[in-house]
Amino acid sequence: MDKIVDREALVGELNQKFGNCAEIFEDNTNQSIKVMPEKLVDVMTELRDNPKYDFKVLVNLNSVDYPENFTVVYHLNSLTYLHKATVKVVLDKANPQVPSITSVWKAANVQEREAYDLMGIVFTGHPNLKRILLADDWVGHPLRKDYNLQA
Amino acid sequence: MLKTQELTLNLGPHHPSTHGVFRCVLNLDGEYITKAVNHTGYLHRGLEKLAESRTYTQFIPYNGRLDYCSGMLNELTYVTAVEKLMGITEEIPERAEYIRVIMSEVQRLANHAIYFASMALDTAGATAWFYGFRDREKCLDLIEMASGQRMMPNYMRIGGVSDDLDENWFKLLKELVDYMPSAVDEYEGILTGNEIFQARTVGVGPVSKEMALDYGITGPNARASGIDTDLRRDEPYSVYDRFKFNVPVRKNGDSFDRVMIRIDEMRESIKIIEQAMKDVPEGPIMAKVPKVLKPPVGEVYHRIENAKGHLGFHLVSDGSTKPYRNHIYSPCFVNLGIFPEMAEGLHLMDAVVALASVDIVLGEVDR
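Keeping their order, the protein sequence lines are chains B and G. For the numbering used here, count along the first sequence from 1 and bump the result up by 999. For the numbering used here, count along the second sequence from 1 and bump the result up by 1421.
Honestly, the hints are just simulated from the structure, not real lab data. As the structure is a prediction and not an experimental result, all values here were calculated from the model. The C-beta atom is built at its ideal place from N, Cα and C for all residues, glycine as well. One or more of the hints may lead you astray.
[Stated by the list, open to error] Covered by chain G, per the in silico footprint, the following chain B stretches (three or more residues, Cβ under 8 Å):
id: 1; stretch: 1052-1058
id: 2; stretch: 1085-1092
[Said to hold, decoys possible] Some chain G residues close to chain B (C-beta under 10 Å, calculated; not the full set):
id: 3; residue: 1446
id: 4; residue: 1450
id: 5; residue: 1460
id: 6; residue: 1462
id: 7; residue: 1465
id: 8; residue: 1467
id: 9; residue: 1548
id: 10; residue: 1550
id: 11; residue: 1724
id: 12; residue: 1741
id: 13; residue: 1742
id: 14; residue: 1765
id: 15; residue: 1769
id: 16; residue: 1788
Let the sequences and hints guide you as you build the complete structure.
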């Protein structure tokens, strides 16, 4: 079974350190926390550097187009404690913008570009936010649910 | 005085050293690389979007088209992810779990053999290429016998595997297991023990532990850089917790270590197959799963130790027969992200070696 980080303690500590920025996100995985986009870089840096959590690895970065919002999902893993956490950032449907975390993990560089390319999430502060899989002159973002599949 | 200028060179998309359709724009000062920029996407088929209009079962064959050198492992990742989403992980029959482990390790041997072969070719050692492909074919014969296909097996099923294996198959597996250690010895004799090969690879494209963590490098490449991680041991899936094997770790993180770690891993894979084939239980190969799969609303992120790194699937279900979102975390795609930094300052011919040692397959990079 997956080892999951103590979410209550984690959220409490983050809120104490950076003001009201995190809350427990209820889903079937029981390992998600929701973070305000403005504090994302601070929170991620803290999660990486705090020896209590030690999330040295960005396991996965994904974006989902829900009917009511865009959600960017970050899966984190610690190599020392082997525990996991999922950080979710909920974004506005009309203007999905979230700070880039390339300054925390360089692994985010290509994955954020992918999310931008296919889902149209804008990662502010990304050093090179260009399409990575599709052609530069492609119109639209295919993984959005409103993307027209008919030619 | 001679006039000099920086040269911009397109490496690929049709160049054997890029192992597929990958293009890298290099800025060259003489023969030294000052800047490298990756261009991917030539093989993009939109598998994630395709998955949204396929049922969970219909997506299984697509996995072979991801990393076409390790189809079994991709399929295993996908079906275990769906099983986890449906909460039926405990119901998979023992025999199916053992067959899955054996198949994964045979596939891993095949993948590392092709890696070894292409590495030899990229260092201009064409003789060793034949050794790698000879043994890869032996592994693929077994996979073909079980599934009917060499590279895109479509063998794993949600709930088990598609076909049972008979005694004859296990006899041939025994032959492979008895033979493989001598083949791996040969690899070390012809290539990795070769002075010219060592001159080409030792110290080329080193990746430190910190750099590897920063770039999210996983799998053999991470272990070559001194990161002690292996999901088969750390987060055992299937029945991996029943087998004894070592996790080889090396320190330098250069191209040579990245080759050697795979050679070490092949020996461990043989050990796992030996243990698994000894106590494969009799019984069914499929759990009782409904004909129409409707996983409950929710999501799952599941990853396993693929031959090239941690392959992961992030599946989001809305309760219907088709996934709401199917995200593929591709280890090759993320591992390739380190190449520009790795290539900077390298000699052009060393960059080819460094790229080969990272082991990318473009089917998985572009998806």
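Q.
Let me make sure I understand: some of the numbered hints might not hold for this structure. Which ones are they, in numerical order?
A. 2, 3, 4, 9, 10, 12, 13, 14 and 15
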